[in-house]
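Undergrad: Chains F and B supply the protein sequences, listed in that same order.
Residue 89 in our numbering is what sits at position 89 of the first sequence, and the numbering runs on without skipping anything.
With positions in the second sequence counted from 1, the corresponding number in our numbering is that position plus 1000.
The set of hints was computed from the structure by calculation and includes no laboratory data.
Check each hint, because a few of them may be wrong.
Stated by the list, open to error - Calculated pairs, DSBU-like style, for lysine-lysine (alpha carbon to alpha carbon, straight line, at most 35 Å):
1) K1069/B / K1052/B
2) K57/F / K1052/B
3) K11/F / K71/F
4) K1003/B / K1052/B
5) K57/F / K1003/B
6) K1069/B / K57/F
7) K1069/B / K11/F
Said to hold, decoys possible - Estimated spans, in silico, between C-beta atoms of each pair:
8) G1029/B / T20/F: 26 to 32 Å
9) M1010/B / R81/F: 39 to 45 Å
10) S1009/B / Q84/F: 44 to 50 Å
11) L60/F / S1025/B: 25 to 31 Å
12) S1025/B / H10/F: 22 to 28 Å
Beta carbons: idealized from backbone N, C-alpha and C, even for Gly.
What follows is the residue order along each chain.
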Amino acid sequence: DTGVSQNPRHKITKRGQNVTFRCDPISEHNRLYWYRQTLGQGPEFLTYFQNEAQLEKSRLLSDRFSAERPKGSFSTLEIQRTEQGDSAMYLCASSLRLAGGSTDTQYFGPGTRLTVL
Amino acid sequence: DAKTTQPPSMDCAEGRAANLPCNHSTISGNEYVYWYRQIHSQGPQYIIHGLKNNETNEMASLIITEDRKSSTLILPHATLRDTAVYYCIVRVAIIQGAQKLVFGQGTRLTINP
């Protein structure tokens, strides 16, 4: 257990429905990342927050995807009008970047597995 | 984006040392090498990272060649629970010093009894 929690762990939905996932990072971590992993592939970067600011979004994050981190603590990832191609494991990671530090280690949660029927 | 090359699969006998190689010939001077592993249906687990010196922690050792173009992750006494996909990652800077992890296909390590 890394201290990063994600809910729900599994989500089955019908095509066209909206879904929302939550990530609770390690409490003092100021950086939060979302990744997506499809079957047989390594995780792919989706977006990154430093505190409450979303600073980077991958081209993988279409207009149907939105992520927030309202108070710089937990984050939510919403997918609107889900498609079958959205079926994947959605992973959250967090890290703590200290002033003057040269690198920071990302710790991953267990992921939310989404199945779109 | 992915700048590492790993063998797709490896086998190792339980109790023996598992040596996982990684090539990163285009690594830049300030890029770290990170290793993660992923056991089936779980999130990636951090193992170790290094810049140019060899590193050791309670999980593994990381040997980086002097020219930094390759590295080897060593699990000194492999157990069945070490069966996983191991990812060697050279971090890619994005913005304000943050770094996204670019995962390749990794090496599927199987520990045999």
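Undergrad: Which hints, by number, does the structure contradict?
TA: 7, 8, 10 and 12
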